[in-house]
Amino acid sequence: MQAYIARRIIYSLLVMWGVATLVFFMMRAIPGDPVQAFVGFEGDPAAVAQIRRNLGLDQPFIVQYVKWMGRLVQGDLGASIWNRQAVTVLIREALPRTLALALLSFAVAVAIALPTGIVSAIRKYSLADHAFTFFAFLGLSMPDFWVGIVLIIVFAVRLQWLPAFGYEPLGMGFWPWLSHLILPSVATGTSFAAILARMTRSALLEVLREDYVRTARAKGLRELAVILRHALRNALIPVITVMGIAFALLLAGAVVAENVFAIKGVGRLLIEAIINRDFPIVQGTILVIAGIFVFSNLTVDILYALINPRIRYVD
Amino acid sequence: MGVAELTRPVVAAPRRSARVILRRLSRDGRATAGAVVLAVAVIGAIFAPWLAPFDPNDQTADILSSPGARHLLGTDDLGRDLFSRILFGARVSLFVGVATVLLATTFGVFMGVIAGYYGRWVDMLVMRYIDLQWAFPNFIIAVGLVAIFGTGLENVIVAITLAFLDDFARIARAMVLSIREEDYVAAAKAVGASDQRIVLRHVLPNAVSPLIVQGTVSISYAILGEAALSFLGLGVKPTTPTWGLILNDARPFFISAWWLGVFPGLAIMLIVLAINFVGDGLRDLLDVREYFKS
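Heads up: the protein sequence lines correspond to chains A and B, in order.
Numbering-wise, this note's numbering puts 279 at position 279 of the first sequence, and it's gapless, one number per residue.
Numbering-wise, this note's numbering puts 83 at position 83 of the second sequence, and it's gapless, one number per residue.
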C-alpha cells in the first residue's frame, strides 16, 4: 500500500514537472516576442531591450529554464509584467474564491443528481424517468456561461432575488457570501449534474439486477432499505471515482463562471492575463490549475485504493 | 477456405451498411428529431447569405429594438439584426465543430494506430503523452493553448483539435490492440500483406463505429468550446458574428435587452441537443458502449 502511494506521488511529481516544462517552452515558442507584443509593435527598442533584460529573457533558453525551475521549486512564480505584483500573491487572493465556487457547484450537482438518478433507476421508463432523461440531455447541451446569463436575467434583473455580479468574502457574513455564489454555482453545476444523474441511474440499474438485491428483497426487507442499504452503496463506488475527477471539471467550469459573474478568481485572473499578454501570470495560473488537477487525481487514486483493495496495482 | 475468407475481419460489432443504419436511426424518435434540427441548421448556415433578411454587420437605425415583425429576434446596440447574426454564426460554429473533429480524428487515429501497432517505446511515448493530457479537462487545455498561440479562428481550431487528440488516439489504440492478436491478422501477415495494408484493410474498418460515436459527441463539445472561448474573448476576431461573441458583446445590455442574452444561447443549445440526440441514437445502434469504459 505504501509502495503504491509512493509510486503515485512520484508519478504526480513527474507529471507536474512535465507540465511545467511544456508550459515554459511553449510560452517561449510563441511566434513573436511576448515583450514586443506587450509593449506594442511601435514600442521603443531600447525599452523593449530593458524589459527583456529585467525579465532575464536575453539569456539562452536553457539558462532561463534552469533559473525558472529553481525559483518554481521554492514557490516563486515571478511577477506580473504590468504592475510587478507577485503572481503567488495574486493567486493566493483568487484561489479561495475559485475553490468556494467549485465546492458549491459540486454540492449543487450532487443535490440534483443523486435524487433524480435514484428515482430514474427505481421507476425506470416512468414519466419521471423520461422527464429527467430529457433534462439531463438539456443540461449537457446548454453552455455553462449561457445558463449563467439566463440566471442573471431571471433571478437578478427581473426578480431581483440575488446579486448578479461580484463576490463577498465569508468574513462579511454568511448570507452575503452565499448569495453571491448561488447563481454561479448553479450555472457551473448543471451540466455536471446531468452527467452524474445518468451515471447514478445506470450504476443503480446494474446493481438492482444482482443476486444480493434479490436476496434482500426475498428476506422481506422494505424496498427503501433494499435500495439505500444494499443497492445504492455498491452503485456509488464507480460514481465516487467520477466525483473526484468531477471536482477538477468543476474547476474548469469555474473559469467560465467567474468571467460571467465577475468573480476575481483564478479563472478570471487567467483570462485577463491572456488578454493582457501578461505571461508570468498565465504561466503561474496554468501551473496552479494543473497542480490542483494532479493533486485531485492523486487523492482519488489513493482513496480508491483504500476503498477497494483489489485495485492496488502491482505493476 | 481461401486466403480471402481467412483474412476478412470477423471481429467486433457487425458492420452494417449506411442504408440499414439510416433506416434504423429513423425509427428512433429522438435521433430523427435531432437529425431534422441539424439538417435545418446546416441548410441555414450554407444559405445564410440568401436566407438572412439583413447583412449581419449592417447597422440600422433600430437600436436595441425588441423582437417583432421587422426584426424577428430584435436588434443589438448597433442596430444589427440578431436573427441574421445568429444565422451567420451557425456557419462558424458548425465549421469549427466539423473541422476540429476531422483533424482530431485524422491525427489522433494516426497516433493511436502507430502506438498500438508498433508497441514498445513508440507505444510508451504516445501513452505517456495521452495520460498527461487525460489528466486535464479539454476546455482547460484549449484555453491554455489559446493562451500560447494567441486568439483567432485558426488558433481556436488548432487548440480544440489538440485538446481532443487523446480521446481519438485512445480509441484507435485500444482497437488496434484488440485486433492485432486476431487470427486473420496473423493470416494476412503470413500471406505477406504489408503493415499499411493490414492497418487500412483490417484494423481501421473495425474502429469505425466507436470513432463515429466519439466524433459525434466531440462535434458538440467543439461547438460548446468555441462558444465559450469566443465568449471569453479568446476566440474569433471581433467582426465575425459567432454565437459566443454575440453573447459577449451583449453583456452590458442584459438588463435592457433580454433577447440578446437569450436567443444566441438557445441556438447553441438546440444544435448541441440535436447532435447529442443523433449521437445517442448512433451509440445504441452501433453498439459501441463497451469502448467507452476507460
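Keep in mind that the hints were calculated from the coordinates and are not lab data.
Since the structure is predicted, the reported quantities are computational estimates derived from the model, not experimental observations.
Please note: incorrect hints may appear among the correct ones.
Pairs of lysine to any residue, SDA-like flavour, derived with a Cα cap of 20 Å [to be verified]: (1) A/124 - B/280; (2) B/237 - B/78; (3) A/264 - B/233; (4) B/237 - B/24; (5) A/264 - B/280.
Among the chain A residues that face chain B by a calculated CB cut under 7 Å, a handful are [as the list claims (entries may be wrong)]: (6) 26; (7) 142; (8) 157; (9) 252; (10) 292; (11) 293.
Glycine residues also receive a C-beta, built at the ideal position from the N, C-alpha and C atoms.
Cross-check of the supplied hints:
The straight-line distance between the Cα atoms of residue 124 of chain A and residue 280 of chain B is roughly 18 Å, inside the 20 Å bound, and the hint therefore holds. Annotation: proposed proximity of residue 237 of chain B to residue 78 of chain B holds, straight-line Cα distance about 17 Å (limit 20 Å). The suggested pairing of residue 264 of chain A with residue 233 of chain B holds, with an alpha-carbon distance near 17 Å, which does not exceed 20 Å. With a CA separation close to 42 Å, the supplied pair residue 237 of chain B and residue 24 of chain B exceeds the 20 Å bound.
Distance check on the hinted pair: residue 264 of chain A and residue 280 of chain B sit about 38 Å apart at the alpha-carbon level, beyond 20 Å; violated. The closest approach between the C-beta of residue 26 of chain A and any C-beta of chain B is roughly 5 Å, which is under the 7 Å cut-off, so the hint is satisfied. Restraint check, residue 142 of chain A versus chain B: the minimum CB separation of about 5 Å is within 7 Å; hint holds. Because the beta carbon of residue 157 of chain A sits about 5 Å from the nearest beta carbon in chain B, less than 7 Å, this interface hint is met.
For residue 252 of chain A, the interface hint holds, the least distance from its beta-carbon to any beta-carbon of chain B being 4 Å, beneath 7 Å. Among the interface hints, the one on residue 292 of chain A is violated; its C-beta lies about 10 Å from the nearest C-beta in chain B, farther than the 7 Å criterion. The interface hint given for residue 293 of chain A holds, since its Cβ lies 6 Å from the closest Cβ of chain B, which is under the 7 Å cut-off.
Hint violations for this structure: numbers 4, 5, 10, all remaining hints satisfied.
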